[in-house]
Amino acid sequence: MNTLSSSPGRLALRRFLRNRTAVSGLVFLLLATVVSVFGPWVMAIDPNQGSGSPFVSPGASHWMGTDIHGRDLFSRVLVGTRISLLVGAVGAGVSVLIGVSWGLVSGWRGGRTDAWMMRLVDVLYALPTVVWVMLTLTLFETRCVGWLSERWPASIPAFRLAAMMVSLGSVSWLTMARIVRAQVLSLRERPFILAAQSIGVSPVRLMLRHFLPHLAGVVIVYLTLTVPAVVLYESFLSFLGLGVRPPQASLGTLIADGASQLNSVRVRWWLLVFPAGLMTLMLAALNGVGEGLRSAFEPRDGNGDRN
Amino acid sequence: MRPWMARVALIPVLLWVVATLSFFLLRAVPGGPFDRERAPASREVEAALKARYHWDEPLWRQYGRYLGNVMHGDLGPSLKYRNHSVNDLLGQTVPVSLALGGMAFGVAIGLGVPLGVLAALKRGGWADYAAAGLTLVGVCVPVFVLGPLLVLVLGLWLEWFPVALWGSWQNAVLPTLTLGLYFAARVARWMREGMIEVLRSPHVQTARAKGLSETAVILRHVVPVALVPVISYTGPMLADLLTGSFVVENVFQIPGTGAFFINSFFSRDYTMMMGMVLFYSLLLQVLNLFSDLLLRWVDPRVGS
Amino acid sequence: MIPSLVQQNALVRKTGVFCCPGWWARLFESLRPGLSVRALGLVLSLGAWVLTSCSPLERADLVLHNGPEPETIDPQILTGQADGRIASALFEGLTRFNPTNGTAMPGLASHWEISGDGLTYLFFLRPEARWSTGESIEAKEVVWSWRRAVTPATAADYASQFFCIRNGRAIVNGELRDASQLGAEALDAHTVRVHLENPTPYFLELAASRVFFPIPRRAVERLGDQWIRAEPLPCSGPYQLLSWRVNDRFRLRRNPQYWDAAQVTAERIDILCGDNPSTALNLFLNGEVDLISDRKIIPGELGPELATRPDFHRFDYLGQDFIRFNTTRKPFQDARVRRAVAMALDRSRITARITRMGERPSAAVTPAGTGGYHPSAGLSYDPATARRLLAEAGYPEGRGFPAIEYTFNVGSRIYEQTGVEIQSMLREHLGIRVELRPLEWKTYLAEMSALNYDFIRGSWVGDYDDPMTFLDCFLSDSGNNRTGWKDIRYDRLLQAAAAEADPQRRLGILREAETLLVVEAVPVTGLYSHVGLYAADPRKVGGIWPNRMDEHPFFSMRRIRP
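Residue numbers (the working numbering), protein chains in the order written: chain A, 3 to 309; chain B, 812 to 1115; chain C, 3 to 564.
By construction, these hints were calculated from the structure, which means they are not laboratory data. Computed from a predicted structure; not experimentally measured. Nothing false has been slipped in among the hints.
Within a straight-line C-alpha distance of at most 16 Å, the following computed EDC-like cross-link-like pairs (lysine to aspartate or glutamate) qualify:
1) C:Lys488 to C:Asp336
2) C:Lys542 to C:Glu290
3) C:Lys444 to B:Glu848
4) C:Lys142 to C:Glu187
5) C:Lys444 to B:Asp846
6) B:Lys861 to C:Asp227
7) C:Lys542 to C:Asp63
8) C:Lys142 to C:Asp190
9) B:Lys933 to B:Glu1025
Listed next, the stretches of chain B that the computed footprint assigns to chain C, with coverage defined by at least 3 CB atoms under 8 Å from CB atoms of chain C:
10) 845-855
11) 859-871
12) 881-893
13) 899-911
14) 959-967
15) 971-984
16) 1074-1081
Partial pick of chain C residues on the chain B-facing surface, computed with a CB cut under 8 Å:
17) Asp250
18) Asn278
19) Thr281
20) Leu285
21) Trp443
22) Lys444
23) Thr445
Where is the CB? At the ideal position from N, CA and C, for every residue including glycine.
Start from the sequences, fold in the hints, and give me the full structure.
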């Protein structure tokens, strides 16, 4: 049994490694993670240290230039990437987890359960996201921060970040649920599912083994759409005073800051181009990895899906 | 009773649930509509103001009053815009957002669907890369960057289109593009996904085996089923589009409803916020119902 | 495509679009692949239909960008500056502002007499003063309007402007129920007599302010609170209201009944409403807007670049940014700590690096030059003394200093950037760690009023050109105090100043009070005085001048034809 199940995995891995786009994407993502996590520490830079020379254009002393306080943009981008990677991964992760299981159960059970689950999604859809996020985070600030500050004051920023990620994830799963449900409804009547059912495969196994592989595609697409959405939503939260607290930075807030450079009077391009460019690159890499994973695990690879 | 009729009958109930939840959630947020930087002239003046909006009553009674008024089609006075009722504000701004959203929807579907189809058919080919590039830009470049960028290039430098305001068709071009591209990117992504999923299913091979031309196979047997994810995304997307986008309306100074989603929360204009929530919710449920019906129709397996 | 668009337009128009359920059905039906072109056409034509239904407006003679959509344009209710500008295009007071310097000049009243003790004013209305609907504006209507403004049920936030009139305060506070006790009466059809509580050197300017505008009694009696929506709206100012489209524009037409209509040359003006500064700037640069009249919708980060252009005009302005300290809790309970922080702030670093529009650094609360007054310098930048004070308070080198938060609202990047500078200056000079706490506007207000902060950003814009408008915020019982600081000496000084008839002595007492406020007790310390700004090409727009009141009356404003 073990050898049987591990060999498709190994096959898929080999297929994945043969895919050059996917591998380079993976390498880039890993590199970005390692550099942004250990970089600031190894290079001993302080992203919040003003240098006295604001708005220096990129050059040898400041690779990506400086901002209004004279802070080095490169170190801010590094630190910002670290936060945004975390926010994106956890936020999107939470939303995929809830969204996929909700859609799966709803689509699979069908009938009354499906109707109620989907109506609940409709209700949640209509509730204003801002209010929800603001409420949960305000509650966190008023209830939990006081409690934490008596015990572990140093952990407050971490918890604040965690609260934000969970709050973000908890409102962005609705579209995923709808899409997964639609896929499941469509898959449910396909011969291979019916066959599996007729030979008495348990529902859990049916979902894991037969539905999930067919859902991998939509999940990956969804991830590549949600990660940037969550990262950017975080920058919107800073408009509410609920995002990353200044003077810290995230890619989202750096991009939002840089957006003001799009004017016809004076353009300090580096403030927008570097953070936005990095984000696009990371997403392209994520896309590549997603595509690679998907074709590596495709249920019936090479059987006439290419023309 | 047919299932969709039950759905229709359920709409008022769901609206009530949404209204109730939002009503109490909103009131739990700190700050109120009458908090200002400048303190009121006197306690009497403040009390008079609150009495005018029944703010001095217990919350449950305000809730009852609100529901009663909503039943009669009256969404109440705006708490911020003191010379306008919520009905009045919605009446003035909804047509604008419907127009803009409708056109952007056209762009999103008109661009996104063909692009997704091409990308899936030429997987790994140039069309795929072009589509991937577009979606990447559409997804990564936030609307608050894309909008000003289009304004800068097409409005200020090339002077092809007006930079803002609303009135003639020229005014609509840039905002439609901004909003349309954003959603086209998502539609293209889902379309490509649906296509890939369908292309490898057996019934396509059956169709091919019957000797149908490749175009006929694609158009008749692949695209309809491949629309499944797109259609299930359409409900929320159209609801988002038709109720207006805060950023696009702000950047292009368009008098639509989108501004109120964020601003009425910032100013704690509860009645306006509730009006928006109800309007959005109604639209969403109707559109989701349509998109579910449509799903069943393009892919009959869904219904059973 | 064009003919089919037209056809479908006709079809859509005939079927009545949304009301027709078949329309939606058809839309979705036509979404079916292969037919999606039709769907696209339908959607586009729907868009085109709605678009054409609001036919594009012809360009007005003068187009102004006025900032955010007003909350109301009712002169008695409004509080915002943008709101007030629109009201002042439609209505006028007994006096009006001189466009060159912001002082009072004759408005609906052609002249006035002031008694020797400065307590009684006689205003003589112009017999030709009329509403745009034709009725004449008489003294009784003026008095009636003022009585309405002070009646608490009207809920006028600016009713406090009437405190200087006899019984005004008592009526607004609800101690006197009868509004006719207000010290203003109509002697005949064209004469209004006003009795003041105290000699008020700025009363003529007050009479030009919005809350003192007479309002059309008949419309008010017919429509109540919503009288401003009357059609046609009776106007007393240089323009009358043609249309009001929310978040888009006000369209005004010249008011031929205006007593000074000869001066008004623009036939139609558009006042645009929007709150995105970049958009306002783009419209201005493109020539679609002739005048941006609100500082807040000129992008702050472009300040230095814009300030050098000939079409941007800067001037000292009646506004101040400051920091409030919460005097009710540690560590700012201790005046020495407050003084230490005030002296550790290099305000010129904030104005040179962040605000960059030529704002004046100032540790006081009243901007220099307000009503001919110059405040004491306040606590100047002196890190050495600051460290000593902090050590005296028990925190040498910042040791043992509790973690504190600087709270600010997130309305503008500038507030956050100022916070970052304050944070780094306090770390540098005093060795104290400050966390930044950004809050969204309403939460910020709620937290400030509840005294739930350590130290917090604050600002104030004067209502009239006199230090009193700034200083009375910090009276013990003022709702604008918000620091928890109460000092009977301060209250007495302000009372004494109000009763003082001699202007110079009065300013002397006020200076003494302000010294107590910003040098000794320091519940508040100034950061910088605001700079006013408007954008207008002097070759295209005339009749507008910079002045510290930021008043740019519409009657003189005109478009210069090439």
